[in-house]
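One-letter residues, chain by chain:
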Amino acid sequence: MRPEGRLDTDSLYFEYPHFDAPDRARRETETAAAVAIVGAGPVGMTAALALAREGVRSVLFDAKDTFNDGSRAICIARPSYYILEQLGAVAPFLEKALGWTTGRSFYRGRKILEFQMPDSPDEKYRPMYNLQQQYIEQFLWQAVEASGLIETRWQSEIIGVEDSGGEVLLTVRDPTGDYSFGASWVLACDGARSPIRTLRGHRLKGENFEGRYVIADIRMQHDYPTIRRALFDPACRPGGTVLIHKQPDDIWRIDYQLEQHEGTEDAIREETVRRSVALVLKDLDFDGEWELEWWSVYSANTLAMDDYRDGRIFFAGDSAHIVPIFGVRGLNNGLADAANIGWKLGWVLNGGAGEALLDSYTPERRGATLDVFANASKSARFMTPNSHGWKLMRDAALSLALTKPFAGELANPRQMTAFTYSESPAVLPDDPAFSGGPGVGAFMPEIKLNSGYLSDRLGKGFTVLCFGASMVEQISALGLGETGLVVVVLPQPSAVSDRLAAGPGSAYLIRPDMHIAGRWFDATAARVIEGYHRVVFKKRASQ
Amino acid sequence: MNKQDLETVYAALAAKIDAVGDAQSELFLAKLALLLAHRIGNAEDVETCIDEAAASLIA
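Those protein sequences? They're chains A and B, same order as listed.
This note's numbering applies: residue 973 is where the first sequence begins, and numbers increase by one.
This note's numbering applies: residue 53 is where the second sequence begins, and numbers increase by one.
Please keep in mind that the hints were generated in silico from the structure rather than gathered at the bench.
Predicted, not measured: the structure shown is a model, and the values here were computed from it.
All the given hints hold, so there is nothing to weed out.
For each label pair, taking beta carbons as the anchor points, the in silico distance ranges come out as:
(1) A:HIS1360 x B:LEU58: 15 to 25 Å
(2) A:GLY1081 x B:ALA85: 23 to 33 Å
(3) B:VAL72 x A:GLN1232: 15 to 25 Å
(4) B:LYS83 x A:PRO1476: 58 to 68 Å
(5) A:PRO1463 x B:ASN94: 52 to 62 Å
(6) A:GLY1154 x B:LYS55: 45 to 55 Å
(7) B:ASN94 x A:ASP1257: 37 to 47 Å
(8) A:GLU1261 x B:ASP103: 45 to 55 Å
(9) A:HIS1360 x B:ASP103: 19 to 29 Å
(10) A:ASP1238 x B:GLY93: 50 to 60 Å
(11) B:VAL72 x A:PRO1476: 56 to 66 Å
(12) B:ASN94 x A:GLY1235: 47 to 57 Å
(13) B:ALA89 x A:GLN1193: 48 to 58 Å
(14) A:GLY1154 x B:LEU58: 52 to 62 Å
List of simulated lysine to aspartate or glutamate pairs, EDC-like, C-alpha gap at most 20 Å:
(15) A:LYS1376 x B:ASP57
(16) A:LYS1068 x A:GLU987
(17) B:LYS55 x A:ASP1343
Note that the Cβ used here is the ideal one computed from N, Cα and C, for glycine as well.
Chain A on its own, in the form it takes in the complex (with noise of 0.2 Å):
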């Protein structure tokens, strides 16, 4: 919401641009495409274009005329600038967004935490970027505009969706009239109220917390470094909790839940905003102008599909889950679905991969919910206690927190890290004979080199990390190198290996997405290309 007399994309900071409906004469001479997309927020935008990577056109339908309104998700997490960089997208978002490592906790106006985000020179992102959605929406426009490969069809609403043979044909309304569009695959990326989940019938299932909160972006210029602050039991709202983010443009996130008494017809009325953040903003001993820019509110929900995958019909992002905000979660784990299904979609249809590949969608990506899910379930317990047990230990620990920093590390948030897909068909069993390093499944750790990272080394698709040169002639000498697999040597011992675990005549095996396939203590070639063929679910072409 804006307040009185400013409409919805009326910005301070922000110009929203139009976007006319396709013209029909155009739209018309192609009705049919291997993969449609419905939504074209972040994640459907990220599907799109992780689909380009792979070659594959798709087709981007939105029933709006410009970007979400309002800021919304503003933290985009270190896994997430990965999927961004892999996309050719990364640039606009490293020279805007708001890096920052650093988070502070407040009970009753004094600090009882400090904590840091893992970060060291290894790292070459940040691990958490502040940045409003808005922005996060043009950057990665700015990428699909210039990919020749997707059409976006705004303005175009879907209406019907039906299984016809082996496709989806889709009932698209725009401003000319009704038409139907036909694909072999769809991706349902249209939000949590997605209309396509509703068309066919399914359900998000899970929790409803009882907590609501509301979000308020102001501007003002408050000379305060980009540091997470969460105030408990402050004086501006008595027994509840405050969180306060910056962002780029002077914008800051102020974030507040509201009291059992608050009623959320009052709580969102302008005034009533106006109000609440002039208090919060006494709190901080700030008393220069502001401005209000946006605000909404929220409740804390944990819901999700039993099964992402319905047919010919992928859900991602919002449309497939719900997640509390605490965890930084919503848009995060959004774009990851994008890429998981874009990438393995993209191998699917090039002939790369077979198709059962798609069938571990589900169980990698709905893994990451319900991961989140008892996280969040944890963090939503802290920071809005809904019973008398759970506030009083709360309470507890902040009071004891003031002199025992101990007690402070329970107000520490759990960070956001990818999520590890350990239980999924697309990964081989761990190698027992490892003693540590990441396991299979896990995102791969990033390194420092003598000249970039490791993960500049990776190829676009599968890539063989080996200790021990005689790998690459060995895979030569069997003939792949139309898999398009890449081999990089590393030195052993050194810090990689290291921090892999790696023995001489160690391999990895590492997915287009970074994620662990595979992983040999004493690896051969041959090994590695069977299970290669394994995670793809394909055979050798000559076989």
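Given chain A, put chain B in place with the hints provided.
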């Protein structure tokens, strides 16, 4: 005690306070304090903890 153990204890306490109910939670916590004191086995240490627990209430 590491953070994970601390979180486990924290969650177990919260759940037990809820289970015994508002009316009994004070008695439950006092009993627990006596039990833990008995385990520590040293009055001086326990008295230090008593003062530390009270200290930040006044702050």
